[in-house]
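J.: Heads up: the sequence lines are chains A and B, in that order.
Going left to right, the first sequence walks through residues 1 to 309 as full-length UniProt numbering numbers them.
Going left to right, the second sequence walks through residues 1 to 323 as full-length UniProt numbering numbers them.
Because the hints were derived from the structure by calculation, they are not lab data.
No residue lacks a Cβ here, since even glycine has one placed at the ideal position from N, Cα and C.
Certain hints may be false.
[Said to hold, decoys possible] To spell it out: a stretch of chain B is covered by chain A in this simulated footprint if at least three of its residues, at any positions, have a beta carbon under 8 angstroms from a beta carbon of chain A; those stretches are:
(1) 63-71
(2) 117-125
(3) 217-229
[Unchecked claim] Lysine-lysine pairs mimicking PhoX-like chemistry, simulated, CA-CA at most 20 angstroms apart:
(4) A/LYS229 - A/LYS75
(5) A/LYS78 - A/LYS96
(6) A/LYS33 - A/LYS44
(7) B/LYS261 - A/LYS99
(8) A/LYS96 - B/LYS192
(9) A/LYS229 - A/LYS33
(10) A/LYS96 - B/LYS245
[Said to hold, decoys possible] Pair ranges (Cβ atoms, derived):
(11) B/GLU86 - A/ARG95: 32 to 38 angstroms
(12) A/ARG95 - B/PRO304: 44 to 50 angstroms
(13) A/PRO79 - B/GLU309: 36 to 42 angstroms
(14) B/GLY93 - A/PHE288: 54 to 60 angstroms
(15) A/ARG69 - B/ARG95: 55 to 61 angstroms
(16) A/GLU154 - B/ARG258: 30 to 36 angstroms
(17) A/ARG135 - B/LEU313: 31 to 37 angstroms
Given next are the chains, with one letter for each unit.
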Amino acid sequence: MSLFDWFANRQKSEQTTQQGQAEREIADGLWTKCPECGVLAYTKDLQANMMVCADCGHHMRVDSNERIRQLIDPKTWKPLNEELEPIDALNFRDRKAYKDRIQETQAKTGLKDAVQTGTGLLDGLPVALGVMDFRFMGGSMGSVVGEKLCRLIEYGTQEGLTVIIICASGGARMQEGMLSLMQMAKISGALEHHRQAHLLYIPVLTHPTTGGVTASFAMLGDLILAEPKATIGFAGRRVIEQTLREKLPDDFQTSEYLLQHGFVDAIVPRTQLKKTLAQLISIHQPFFPLDAGPNAHHTMPRQTLVPQN
Amino acid sequence: MSTTKSRPFLLDFEKPLCELEARIDQIRELAQENNVDVSEQIRELEAKADQLRTEIFSTLTPSQRLQLARHPRRPSTLDYIQAISEEWFELHGDRGGSDDPALVGGVARLDGIPVVMLGHQKGRDTKDNVARNFGMASPGGYRKALRLMEHANQFRMPILTFIDTPGAWAGVEAEELGQGEAIAYNLREMFKFDVPILCTVIGEGGSGGALGIGVGDRILMFEHAVYTVATPEACAAILWKDAAKGPQAAAALKITARDLKELGILDQILPEPSNGAHADPLGAAAILKNALISNLEELFGLSPEQRREQRYLKFRQMGKFLG
Ligand SMILES: [Zn+2]
């Protein structure tokens, strides 16, 4: 989903809000209606199932706070660089001033910008985790998102940590112009250093992951995971439809489509994500010392290599 | 001499100047035919033309610069490569099943130095433009660029890239082949190369498609080129919900060389010949050639490690925030 689609959808949902006021009042309280199959679920049950519809398996959107709770062991989360805030470097005003947009979104979400970063334990394994939040201007990437992710990756490199980034973004934030575009390069450079240190980086692509995020850190994982049926792509579906003047297949730019074309390693349901990440991180723990030569295995205890008879 | 007749792609703001220049030519011809001395008048008119030129080109709005950057007669990557290099041998193919004509490259010699040059290639006319997809590269184009850059690194040749694209190609096949992955991969790999990398925005620097060959030790940009996070038209459609607000978006996005220098994104602005690069391609090429050579000389003074480190630090400081 491009930012264009996001704005269009948002308009649509504002309309539906008015139409279905009564329905929403139910949903706001104890019950939540699945937007995919329409089944009403007890909200507490839905939360316990990580906002995945028990009937149809639809993955509803979760915010960054909820993501951190889902992935990080209780009481081990240590946020990094929480103080970083966006500024309006371009003095940008479209139909609304960027300054006002920032303030409103901050008030609404309680976040300073569209990503939370920090360290914590994931099933006991130390990780550096970045979680994008789509509620903050469509998860768009400006200077703060770039800087926080860069510092997270650099910290991970320095401390020898696996880096995980939960992607959810419409792409670069236009209100910061070229400063936003350059965050793509900056983060990719930080990932190069992390890679040189033979450390593991896993982006998890969630709905939606598009534009400049796809064309940088989302696609640079040593391993790449995706949630089921997420929209993942470079160009917006509408842009492509307009240039081609034809309707695109329904599964175009979905996780399943990317898996089929070889761009993600696996589609992992949200309820399995923590377990899967733990397994992958654990299997990538250095077994042979990385700086040892080709004969390193001679120094390893034999019983770990050959099963005892 | 450039006259209205010989310049079929005249931009609105160029017209008064072009008319004046045509009048000067006309007077000169008439005077010659009738054997009259009009040198005094000509001098006056030429001074007036100079003044007008300065006025026009020093007060261009961002959207006028965008028009100049997209001017159909603006020198393209291949024009510059051929004008600045003593030898040039184009290389083809991404070694993965495609050869994208929208992104060209090869080996060349610049002032005696063996180099790899590559860049987006727009067409010179409608037919050529269709063949070259208007300079919008496919994943295969970015993978060809990567392959050529790896070649350069292997043989210790500096990499010179030329940026001139409305953006990476947005199409079904491009998505299937991983447009995002192809660009992302280049961004990361370009931080790794030992050899000097110079990136020059010669015309239109469009978004991720431009950045895909845009990570270097120095970022240069022609005076009337533009570099933008999204085309002003797309930005207007999304943020203003009105594609006709393009000029406003062009101004708001800060896409001109001067703005980008101030924002810390560019290293150097290359001045253009007085009527723009399209009016004097060879003049523009000479300016480019000098700038490339002097930047290379500076970079040769550094070790590969120093270059890689400074390249990272240069991008590392881009961004503006509080805290
Ligand atoms: Zn459902």
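J.: If a hint holds in the structure, say so; if it does not, say that too.
T.: Each hint tested on the structure:
1. 63-71: violated (count 0)
2. 117-125: violated (count 0)
3. 217-229: holds (count 3)
4. A/LYS229 - A/LYS75: 31 angstroms, violated
5. A/LYS78 - A/LYS96: 35 angstroms, violated
6. A/LYS33 - A/LYS44: Holds, at roughly 12 angstroms.
7. B/LYS261 - A/LYS99: Not satisfied, since the Cα-Cα distance of roughly 23 angstroms exceeds 20 angstroms.
8. A/LYS96 - B/LYS192: 41 angstroms, violated
9. A/LYS229 - A/LYS33: Within the cut-off at roughly 18 angstroms; holds.
10. A/LYS96 - B/LYS245: 14 angstroms, holds
11. B/GLU86 - A/ARG95: 32 to 38 angstroms: 53 angstroms, violated
12. A/ARG95 - B/PRO304: 44 to 50 angstroms: 49 angstroms, holds
13. A/PRO79 - B/GLU309: 36 to 42 angstroms: Given range 36 to 42 angstroms: violated, Cβ gap about 29 angstroms.
14. B/GLY93 - A/PHE288: 54 to 60 angstroms: 38 angstroms, violated
15. A/ARG69 - B/ARG95: 55 to 61 angstroms: With Cβ atoms ~46 angstroms apart, the hint is violated.
16. A/GLU154 - B/ARG258: 30 to 36 angstroms: 32 angstroms, holds
17. A/ARG135 - B/LEU313: 31 to 37 angstroms: 33 angstroms, holds
Violation of the numbered hints given earlier is confined to hints 1, 2, 4, 5, 7, 8, 11, 13, 14 and 15; the remaining hints are satisfied by the structure.
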